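**Q** Please model the complete structure; the sequences and the hints are all you need to start from.
Chains A, B, C and D, in that order, are what the protein sequence lines are. Letter 35 of the first sequence, counting from 1, is numbered 35 in this note's numbering, and no numbers are missing. Letter 24 of the second sequence, counting from 1, is numbered 24 in this note's numbering, and no numbers are missing. Letter 88 of the third sequence, counting from 1, is numbered 88 in this note's numbering, and no numbers are missing. Letter 124 of the fourth sequence, counting from 1, is numbered 124 in this note's numbering, and no numbers are missing.
By construction, these hints were calculated from the structure, which means they are not laboratory data. Possibly wrong hints are sitting among the right ones.
Since the list gives no way to pick out one identical chain from another, each pair is judged satisfied if it fits inside one copy or across any two copies.
[To be verified] Calculated cross-link-like contacts (lysine to any residue; reagent style SDA-like; alpha-carbon spacing at most 20 Å):
| id | residue 1 | residue 2 |
| --- | --- | --- |
| 1 | 96 | 123 |
| 2 | 76 | 35 |
| 3 | 101 | 57 |
| 4 | 96 | 53 |
All figures in this text were calculated on a predicted structure; none of them were measured in a lab.
4 protein chains.
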Amino acid sequence: LIRVRFADTDQMGVAHHASYLTYFEAGRVEYLRRRDLSYVEWLGIPVRLPIVELSMRFHRPARFDQQLVVTTWVDKLTQYSIRFAYRVSEVGANEKTYIVKGHTRQALTDAAGELREIPEAIAERLAGPELSSRPENLV
Amino acid sequence: LIRVRFADTDQMGVAHHASYLTYFEAGRVEYLRRRDLSYVEWLGIPVRLPIVELSMRFHRPARFDQQLVVTTWVDKLTQYSIRFAYRVSEVGANEKTYIVKGHTRQALTDAAGELREIPEAIAERLAGPELSSRPENLV
Amino acid sequence: LIRVRFADTDQMGVAHHASYLTYFEAGRVEYLRRRDLSYVEWLGIPVRLPIVELSMRFHRPARFDQQLVVTTWVDKLTQYSIRFAYRVSEVGANEKTYIVKGHTRQALTDAAGELREIPEAIAERLAGPELSSRPENLV
Amino acid sequence: LIRVRFADTDQMGVAHHASYLTYFEAGRVEYLRRRDLSYVEWLGIPVRLPIVELSMRFHRPARFDQQLVVTTWVDKLTQYSIRFAYRVSEVGANEKTYIVKGHTRQALTDAAGELREIPEAIAERLAGPELSSRPENLV
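**A** Here it is as C-alpha cells:
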C-alpha cells in the first residue's frame, strides 16, 4: 500500500508521472523481499539490477492522499534479465480500472557493473510464490 | 511507518537529506488525518498550509529499505501559524537514538493565498489528541 | 544543457532512472518554448499535456555532475496526441553513444481534463522549426 | 541559473519546498567548482560533506518555468564544519525580494564517514574568491 504524497503531485493536481517509477520500485523491492531476495544482495553476493528498459501506460490520474496498491509480477525471465510487470490501482477498486500499468526490464550485474547470468536457483525463486507470509503493507 | 525507497538514496549510500522533508510531510498529513482534519480542506473550507520556515538536524544516516517512524506533534500554535515538530527514528530504536529532528512552521491561507486566522475550534483540535483510532501504518 | 544533481543519484552511484523523466520534461518544455508555445497555455488557451504512455531505453549510466544534452523532437502527431522523442547524451559525446533514449505520448486536454483536438495552426508549429533563436542553455 | 521544472511543482501550483534543497545543492556544488574544489574529491582525497543541520525561510513562492538565481556563500567556517548560506531570487529581481533564504551546515568526513579536520589550505580556498572565471550558467 502506498499513499500519494503531497510532494508527488504537480500543478495539474495529480501525481506526477515520474512518481510512478518510485511506486514501481517499491513494488519490485517488496516482490523480492517476499521471496527472501534482498534488492542489493542475493544469497550473500552483492547484485545490482540496473534498468535496461521500461514502459508505462497511464489510464487515469492518481490524486494526493489516495491509497494505491502496486501489483508486481515477473512476466519474463531470460538468462541475463528479468522483466517485471506492474499494475497500480486504487485500494478497493475493480481490478480493471487501474491507474497505471507498466513494465521494467532489469539486467543482473555484479557490484562492478559486469553482466551476470541469473543462477537457476534464483530464477526459480524469482518466478515462484511468496515465501514470507508476514503482512508487509507499507512502503 | 515509512520505508526508505531506493530512489531516496544518493551516491553516499544513504537517504538524501531532501527525502526527510517528504517524510515530515507524510507525518504531518497523518497527524491531521488522525484529528479528522484533511490536509487540503478543513470543515468544508479549502485551506493551504504553505511552509514559512523549517529547520532540521541530522544525527545519523538512514539507509535503503530501513523502516522509519515519524513522530509528529504541534509544538507552537499562534493566531496565523502552526509549528509542527518531527522526530524520525528507526522502528524499534530507542527514542533517543533518532535519525533526524526538525520543525516546520506553516501559515494558514485560503485557496487564493490570503493569510487567515486559525479558527479556535480548529486550534483546539490541532493541539488535541487523536480522534481516529484506526491504525494507519502506511504512507 | 542539464547537470546531473547530487539528489538525482542513487546508491549505485548513478543518476536514478526516474531522474530522466524530469530531463525529458525539461527537454519538452524547452522544445515548446522555442516554438513560442508555452507548456501550460497555447495562444491564450490553458492546455494540459498529460502523459498517456512512455518508454525508455537505458544504454549507459550518467554520473553526478555530468553535463547532459537532451535532444527533443516530435516524431508523431495525431489528431489528439503528440509523441515526443528524446535522446540524452553527454555534452560533446558522439551522437551514437547516447545514455538514454525514449518517447512520451501526450494527449491534449483543456483545463478540465477533456480531450481536445490539436488545432492545425498549432500542429504546424509543433512539427516546425525553432522560432526563438536566443540560446537557452539552461534548465 | 535554474529553471523550476514541472516535476518540482506541487498541486498548490508552486515549487514544492523540498525542491529548494536541490537548488541549494546545485548552488553549493557550483560554489565549490568555481574554487576548483570538486564536491566529491578535494585535491585527490575523497571527501564527503554530509549535512548536519539546515534551515530555510520562505518569502514568496516560485512558479513553474521561473528562472532562479541561487547565490551561495560560506558564512561560517569551523575546524570540522562549513556553513553555507543561500539566497534564491528570480532572475533580474531586486536583491531584497528574494524567494527563499537558508543555510546548511556540512561536516567534513572521509569516505568511511569519519569526521576530518578541514585542512587550512582548503579553508582558505573555501572562503576565498572564485578561481574559475568561465561562465557556468546552468545546472
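**Q** For each hint, tell me whether it holds in the structure or not.
**A** Hint by hint, here is what the structure shows:
1. 96 to 123: neither (29 Å within a copy, 34 Å between copies)
2. 76 to 35: Intra 17 Å, inter 42 Å, cutoff 20 Å: intra-copy only.
3. 101 to 57: Classified as both: same-chain Cα gap 5 Å, cross-chain 17 Å, threshold 20 Å.
4. 96 to 53: between (25 Å within a copy, 18 Å between copies)
When the structure is compared with the earlier hints, a violation turns up for hint 1 alone.
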